[in-house]
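*Asks:* Work out the full structure: start from the sequences and follow the hints.
These protein sequence lines map, in sequence, to chains A and B.
In terms of the numbering used here, the first sequence opens at residue 1 and continues consecutively.
In terms of the numbering used here, the second sequence opens at residue 1 and continues consecutively.
Some clues are possibly wrong.
[Said to hold, decoys possible] Each computed DMTMM-like pair below joins lysine to aspartate or glutamate, with the alpha-carbon atoms no more than 20 Å apart: (1) B:K236 x B:D201; (2) B:K4 x B:E32; (3) B:K123 x B:E193; (4) B:K168 x A:D81; (5) B:K144 x B:E184; (6) B:K4 x B:E87; (7) B:K124 x B:E134; (8) B:K4 x B:D108; (9) B:K117 x A:D5; (10) B:K191 x B:D201; (11) B:K43 x B:D22; (12) B:K236 x A:D81; (13) B:K4 x B:E47; (14) B:K4 x B:E28; (15) B:K244 x A:D5; (16) B:K165 x A:D43; (17) B:K236 x A:D5; (18) B:K165 x B:D201; (19) B:K191 x A:D5; (20) B:K196 x A:D8; (21) B:K165 x B:D108; (22) B:K43 x B:D108; (23) B:K244 x A:D8; (24) B:K196 x A:D5; (25) B:K6 x B:E37; (26) B:K236 x B:E193; (27) B:K43 x B:E28; (28) B:K77 x B:E37; (29) B:K77 x B:E32; (30) B:K6 x B:E32; (31) B:K168 x B:D105; (32) B:K168 x B:E99; (33) B:K168 x A:D5.
These are calculated hints, taken from the structure and not from any lab test.
None of the values given here were measured: they were computed from a predicted structure.
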Amino acid sequence: MFRKDRSDEPIYWGLFGAGGMVVAIVLPAIIIATMGLNHSVLDTAMFANVILSPVFSLAFIGIMILCTWHALHRIYHTLHDLTIHVGTLHHLLIYGLALLISLAFIGCYLIILFKNLF
Amino acid sequence: MADKMKITVQRYRPEQDQQPWDQSFEVEYTRETSLLEALNQIKDTQEPTLSFRWSCRMAICGSCGMMVNGVPKLACKTFLRDYAGQEMRIEPLANFPVERDLVVDLSDFIEKLERIKPYIIPKKDEPQPGEQREYIQTPAQLEKYRQFSMCINCGICYAACPQYKINKEFLGPAALTLIYRYNEDSRDGGKEERMKLVNQDTGVWSCSFVGYCSECCPKGVDPASAIQLGKVESAKDYLISMFKKGE
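*Replies:* Right, here's the structure in full:
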């Protein structure tokens with residue numbers, strides 16, 4: 001959008017596509033796996049420990065970030081159906097929001113990481 | 001036994017009419033009557049000034065695209081029997097300027113077709129035009145683009161496309177499909193040139209994958225899938241360009 005000869009859309013479309021896979025496959029798989037947990041073997045506290053471990057939480061944050069970009073990209077392109085024609089302002093607002101949310105998620109991850117370390 | 005169908009046609013004669021108006025006709029039809037035949041029947045027996053384009057009568061020439069009850073269709077491939085018990089409303093192909101009655105100005109589409117170079121540009125090591133050598137292509141290589149080569153340039157996908165409706169700069173379904181068709185042809189060497197058009201905002205990236213073009217295409221070409229495949233190609237091209245100097 002800032003270059004005339006080449007669209008920057010591949011970046012957003014790539015994140016949208018990756019997010020789509022996550023929303024369609026990875027998220028339901030996690031939900032089903034969680035539902036199938038045997039509570040006598042793995043109680044809630046242990047489960048929280050696993051989820052909050054550095055590796056798991058990194059994967060989790062990655063999933064949430066991709067979901068965010070997927071959702072906001074969809075909203076960006078749906079604006080047109082709501083008769084709002086997108087311009088640079090909409091682009092900056094929506095993808096700026098996606099970036100902010102992503103940074104917040106990364107912040108959460110760093111907090112978890114430090115809590116685990118110390 | 002012939003049934004009767006009420007056909008309402010949107011008329012516009014630029015030298016007489018300030019704006020389009022509707023004219024209704026009653027036509028007799030049988031199981032075999034196509035809309036194109038019905039229109040010719042109207043022209044021959046009821047309203048000789050009615051204008052519409054047609055040529056082959058067999059969904060090859062792509063001339064008779066028009067809106068039938070709001071859906072873009074080829075008149076020769078639309079049969080009155082499928083509308084039994086209803087009325088038919090015929091309008092010129094949407095998203096194009098109307099010249100007269102059902103005749104639209106397709107020059108924007110034709111200009112785009114020319115711009116994408118819809119012909120084989122020989123690779124350097126392949127036979128050049130005029131050379132008496134064979135092009136070798138395997139059935140598998142043919143299968144990569146065969147479906148997309150069925151396009152008859154009728155413009156129906158442009159009438160179906162909500163993105164082309166709001167942005168006439170968009171290259172549009174048929175042009176992008178033909179780009180994919182020639183880029184994937186093993187005999188072609190023009191991909192680099194054509195990717196410049198694909199990569200722009202007005203190329204594949206204007207498509208939001210509504211998919212109505214594929215639903216309406218009278219030849220089963222599936223332009224929406226060609227554009228999605230084009231997006232993958234363009235995304236790859238984008239990544240490669242990031243590592244290339246001077247781009």
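*Asks:* Against this structure, judge whether each hint is valid.
*Replies:* Taking the hints in turn, this is what the structure says about them:
| no. | hint | result |
| --- | --- | --- |
| 1 | B:K236 x B:D201 | holds, 16 Å |
| 2 | B:K4 x B:E32 | holds, 13 Å |
| 3 | B:K123 x B:E193 | holds, 12 Å |
| 4 | B:K168 x A:D81 | holds, 17 Å |
| 5 | B:K144 x B:E184 | holds, 7 Å |
| 6 | B:K4 x B:E87 | holds, 10 Å |
| 7 | B:K124 x B:E134 | holds, 15 Å |
| 8 | B:K4 x B:D108 | violated, 38 Å |
| 9 | B:K117 x A:D5 | holds, 18 Å |
| 10 | B:K191 x B:D201 | holds, 18 Å |
| 11 | B:K43 x B:D22 | holds, 15 Å |
| 12 | B:K236 x A:D81 | violated, 28 Å |
| 13 | B:K4 x B:E47 | holds, 17 Å |
| 14 | B:K4 x B:E28 | holds, 4 Å |
| 15 | B:K244 x A:D5 | holds, 15 Å |
| 16 | B:K165 x A:D43 | violated, 57 Å |
| 17 | B:K236 x A:D5 | holds, 16 Å |
| 18 | B:K165 x B:D201 | holds, 16 Å |
| 19 | B:K191 x A:D5 | holds, 16 Å |
| 20 | B:K196 x A:D8 | holds, 13 Å |
| 21 | B:K165 x B:D108 | holds, 13 Å |
| 22 | B:K43 x B:D108 | violated, 28 Å |
| 23 | B:K244 x A:D8 | holds, 16 Å |
| 24 | B:K196 x A:D5 | holds, 7 Å |
| 25 | B:K6 x B:E37 | holds, 14 Å |
| 26 | B:K236 x B:E193 | holds, 15 Å |
| 27 | B:K43 x B:E28 | holds, 14 Å |
| 28 | B:K77 x B:E37 | holds, 10 Å |
| 29 | B:K77 x B:E32 | holds, 11 Å |
| 30 | B:K6 x B:E32 | holds, 17 Å |
| 31 | B:K168 x B:D105 | holds, 13 Å |
| 32 | B:K168 x B:E99 | holds, 18 Å |
| 33 | B:K168 x A:D5 | holds, 18 Å |
This entry does not satisfy hints 8, 12, 16, 22, going by the numbered hints stated previously.
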